[in-house]
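Q: Read off the chains here:
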Amino acid sequence: MTRYLSTGRPILEEMRMQGIVKRFPGVLANDHVDFDVRAGEVHALLGENGAGKSTLMRQLYGMYKPDEGQILVDGKEMHFNSPQDAINAGIGMIHQHFMLVPSLTVVENIALGLKSSRGLVLDLDRVEKRVLELSEQYGLKVDPRAYVWQLAVGEQQRIEIIKALYRGASLLVLDEPTAVLTPQEVDDLFVTFKRMASEGHALIFISHKLNEVLAISNRITVLRDGKNAGTRPNENVTKVELAQMMVGRPVILQYNRPPVEAGPVRLRIQDLHVRGDRGKDAVDGVSLEICGGEILGLAGVSGNGQRELAEALAGMRPVRQGHIILNDKEVTNGSPLQHIDVGQSYIPEERMKEGAIRDFSVADNMILADHGKKPYSRRSFLDFNAIHEKVGKIVSDFNVKTPSLDTPVKNLSGGNIQKLILGRELSRCPSVLIASQPTRGVDIGASEYIHQRLLEQRLCGTATLLISEDLDEIRALSDRIAVMYEGRIIGIVDSKDATPDQLGLMMAGVETA
Amino acid sequence: MKSKFSRIVVLIVLVAMLVAGCAPKATEVPSTVFKVAIVMPSSITDMAFSQSMFEGLKKVQAEMGGESAMEIAYSENMFKVPDASAAIRDYASKGYNLVIAHGSQYGTSLQQIAPDFPKTAFAWGTSLDTFQAEGITNVFAYQAEAQEGGYVLGTVAALMSKSGVIGETGPVDAGDAKLYIEGFQKGVLAAKPDAQVSVTYTGSFSDVSLMATAAETHIAAGADMLTGSSQSVVGAIGVAKDKGAFWFGTQWDQTSLAPTAVIASQVYDWTGIIKDMIASVKAGVMGGKGYTLTFKNGGLVIAYNPAITIPAEVKAAADAAIAAINDGTVVP
Amino acid sequence: MKRVLNKVFEALLPLLAVPVAFLIGAIMLLALGANPLEAYGAMIAGAFGDVSGLTQTLVKATPLLLVGLGVCIAFRGGVINIGGEGQIIVGALAATAVAVGFKEWPGLVLLPLCLLAGVLAGAMWGGVPGILKAKLGVNEILSTVMMNAIAVQLSNYLLRGPMIDPKEIEAGTRIAQSALLPRSVWLARLVPQTLLHSGAIIAVVLAVVVFIFLWRTTIGYRIRAVGLNRDAAKYAGIKVPFYQALSLILGGAFAGLAGAIEVMGVQHRMMENLASGYGFSGIVAALFGSLHPLGSIPASVLFGGLLVGADKMQRAVQVPSALIDTLLGLVVLLVVGSQVISRRRARRRETRG
Amino acid sequence: MAELFTLPVLVGILYSGIRLATPYLFAAVGETFAQRSGVLNLGVEGIMLMGAFSGFYVGMKTGSPLLGLLAAAVVGILMGLLMSFISVTMQAEQGISGIGLHLFGLGLSSLLFKTTMGGVESIEGFKAVRIPLLADIPYVGESLFNHNVLVYAAFLLVPLSAWVLNKTTLGLKIRAVGQNPQAADTLGVNVARVRYFCVCLGGMLAGIAGASLSIALINLFQENMTNGMGFIAVALVYFGGWRPFGVMGGALLFSFVNAFQLWIQVKGINIPSDFAIMMPYVLTILALAFATKRAQGPAALSKPYERGEN
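Heads up: the protein sequence lines correspond to chains A, B, C and D, in order. The first sequence begins at 97 in this note's numbering and counts up one residue at a time. The second sequence begins at -11 in this note's numbering and counts up one residue at a time. The third sequence begins at 26 in this note's numbering and counts up one residue at a time. The fourth sequence begins at 3 in this note's numbering and counts up one residue at a time.
Derived from the structure by calculation, the hints contain no laboratory data. Accuracy of the hints is not assured; some may be wrong.
To be verified - In silico DSSO-like pairs for lysine-lysine, Cα to Cα no more than 30 Å straight-line:
#1 A:Lys449 - A:Lys486
#2 A:Lys237 - A:Lys225
#3 B:Lys174 - C:Lys192
#4 B:Lys68 - C:Lys128
#5 C:Lys128 - A:Lys506
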């Protein structure tokens, strides 16, 4: 007997992937993977970047075709040629990078690709009504009339979920859905997931965060190097076990942070006001001081002005009011080059967009900011011998794995590119370092390495501003933690005294003493 | 797999070429044929400058007895001078008896090419310079005295105009177009001193649309008689027809485009010049002569449109103007 | 070794599209009653078969290469220069004006001055869209197209007014062309009785210079960085708008130089339609050369040969010249259409390697 | 100068400007669709020429301008199909394929003209249709409401296109595909199909644009008769910020200034004609430079889409 969801769709009782093999030129992305999910459960898919999680799910969603293996839905073999086929079968997917069109409104994004009740003409009012119903039913608050570019990531995520529900998804694939949320938002989201599961939805939860996986899922499958490294029920598995299954070796989960005597104030920010893309002040009167040998962690939900603050500090975004003082020199509204010259290094948030040039070689990327200086160039001519010598040293110092210095960076893994950027920025011996999301999308091994280097830099007396949405990272590395909310610093706490609950409340805008 | 595909393609090409190669070859032309080549800036169907010469050549060819007596080779749309000069050189080296460089912009190139081919006769127009001053002896030159016909047509236009407003439109304010347009203006003012003549240029030899709008503008400004030069006037003629205005053509008989609107055209008849050049070459004179197309030598002809009745006194005035030009009392 | 072979194969792959285009052309020729074998024979022989053909090909390739080099720089800087046409015209006008204006000066001074005038004028014509792009974000495709139209009218004005050959007024013919340039600025002829001039050498030397410039100097490095990733370049302290403008200015300078060399080497005077088509053909030649300055050298020669040979073919079999445009269009379409194949091969190899 | 600001001149500019704008409107609105879906088609000029020829030829042979229009539309679609195949399926560099398409259309239209007709002829095209009452409005009535059907059609196309783009499911797909093809793909929108449709629609409208010259406004065919209009049309799409009404504004501005410069010459105002002719081009650049707010182009414009990239 078919059961139905409250959305009116039949429940998808069981989805089973058997012996899935997917090859890309030179890479075996999935190697005979078995995976299944049943109605009413949350099944976590855990693994490092590049372990093959997304590839597996893209085959379920009809974006790739498996080279071998079967996909069975309620016992019936399915052949998905396009996402449309998957959608028709009741499968929905929330992608890690949101699949939203920024220039369209929320309803327009949801209505995209759907049949309209008015034939060729859009019926946005009707879509809007249904969106509000779903939003009510699952507790997903959205403003249907707003343009997507105006929205914070949390809200964009809710739109993605409604989009899938609107299409009658009974099985939902959630690719790293918590990466950009506050702890409170994560809690709310988990409540929604549990509600959905209890109603009969099947959920696949992709993540690399062990805490979350243990908090939400019924079963956990770990992928490593394209293979299924094991499926365990939640009850009889521990964090340490899971980490070992993921990485294939024991993992450090705690860092040693020796005390350092604070040096002079290196970076001084005074009453800074910076306009955001929407014309309003995204940074609204921020004042901070960071001393040499100190890591100041800047926590906060994405979209609260951290990006704009980082860009202003890098000299990329005009300062409307206030001052930035680097090593006692005023650099307010100076060019990126001036910031660099005063001794600042910067690790941008989006490494492929802002930190590196895909088609440039490793060597070319390594000299991006310093190519005009000795020894890289002399009298406007690049000195390739010197470049190869210096760059080769940095590459080996920072453990960047690359076939050669002339390999385009687009062929490197995310972790290696991040190490390259780190190497480039740290080899300059900066007195001030702005590091924005330095380990986002990087595997555990590389993350560990990057964290170690940041702590070493602290010992050398660098003043570091660490901007991250990963509270664990911030707590593990920072001396002090500042929390940013709606463009302001809502509070600064000593990292020893900070509890996740307290930080979470601050990130939600609650000022605690 | 890809290279296999390309191999197949190459094979097909070769087969196609072989098949084509087996087609019967054109019969070898006997050496008595007089070979003429012409290089033109615009198309042989431009209803203007290039077409007038090309049709002239064909007419002469027919008179001489067809392809067995005279062979014509042509290169059209040679608006790039280096291409034209390559073509001229190429024809000369292939043994053409007469190579016509039908564009004043080709002069500099011709001056360099002609001395290399003393056995070939060249012709250059429109110009009157045969480069004799430079010691070159194998270049003919020819020029249309476009202002003569302009003057006569201007006379007719002025006398037939009811509004006394006359519009002229050309491509660029230079060369043949300028001669014609200024001659026309003189003719109008000579016949009707209080007439109002306005002139527009479109800046292009091929902007048919803007030329049509220029005609439209003249008509909106009150003009009932229009004329213009270059291949782009074809659009303007249509506008004249639609708006009930009249048109005067030049370089080519444009009556066929608008039998209800074209009153008369100045037609360039190059046949006399062509025949004379051929005769000269056959007699061993390879150049040095400058030809002009005038009423007097019959190179310029006014072709009236039989479908439009022209008052007798107007026609008489036109004939008088031609006579005056011929005897030199009027210099347009 | 295998890598080199692969690269060579990929570079040559687009050329395989040419036979396909010619096959279609053969059908058209047959339909027009011409013999395709004879036609293509004339084409190849005409372009490369003898001294005259070869030199014509090289004469044609010279402006294509120069414009193509400008296109390379602009593309590498992430901007599209469709303004080659106008830049050639103003470059030629400026060189002519200087040569005619100071004709008494010794050639040793005047000749480089003329080339410089062409470069500067072209740079200025490319600089307007460049600065508009840098300062106001005006789309360069739009502004360069407009600048082309403006240059044509400027040339029309100058050539029948201030710059017209006094002899033309004297003779009453008033052909829109400038006076003949003084002999002192004529570029030396490399092969007697042909049009091949030393400009061809200048172009090849400059191709090497541009290669060195783009890949060996800091400014070239910055231009390429800006072209590949504006944001990353900006974060690294590179002034993105400046280098975008600079790429357009340099693109204009090369087209302007092409104009100057065309009047000084081939025409010896400025006239109408001097630039016709070189602006676009230069883009195509640069693309055939994979937007690499050194690749542009053989690509320009091949494309120049195609143009020259096509004209010869038209004369040999007496078909309308329009057939040539049709064929060239097909070649371009098929070549760019087939490039994806070599791109995919390259990608496959990279992910493996 | 005062004589330029008289009523007959202004009425004349209005009339000529509207006629001149017609081919630009068809071509530029068509190109707007192509670009909104992410395809830059620089071959508009070549398609226009093919449309102009086929429209004229069929119109002449059948005596029916309507059939000519149909032929132009079909040929335009075929040319669009060629462009989409090269740029969408083969993922070729779009700027260059456009130039190739232009050359191809330029050559083929002339070649067909030469072989089938051999000389310029004129035909009776679409006749002006005077709209009763509206055309009787004093001063402007004749300028606005006494045109042939294609002129009306071009202007009606503008609100229609804006409606399709903004209010229909298809328009939503087009906008999404041009901005974020990957997002559209995940929602089951067939990116290639949408792009094929838009490029072919653009081709059809470019074909009609050419036909509007050869069977409605000028009523004859001449080699290369579009003379760069197609490139201006592409530029107008940028000018109009990828919105049909913006494109119309640009087309009208350009055409009015062109009509105006002819009046400057007719009225014998003493400036060289060449500078008058320059005016519309200079003004277009200036208008862009001083336009304070510019719309952002489609984010995926001229980027071929391949599933699984990024």
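Q: Now tell me, hint by hint, if it's right for this structure.
A: Now for the hints, and whether the structure bears them out:
Proposed proximity of Lys449 of chain A and Lys486 of chain A is supported: the alpha carbons are some 25 Å apart, at most 30 Å. In summary, the hint linking Lys237 of chain A to Lys225 of chain A is supported, as the alpha carbons are separated by about 13 Å, within the 30 Å threshold. Note on Lys174 of chain B and Lys192 of chain C: the hinted pairing holds, with a Cα-Cα distance of about 24 Å set against a maximum of 30 Å. For the hint pairing Lys68 of chain B with Lys128 of chain C, the CA-to-CA distance comes to about 26 Å; that is within 30 Å, so the pair holds.
For the proposed pair Lys128 of chain C and Lys506 of chain A, the alpha carbon gap of about 56 Å is over 30 Å, so the pair is violated.
Comparing the model with each earlier hint shows a violation of hint 5 alone; every other hint is respected.
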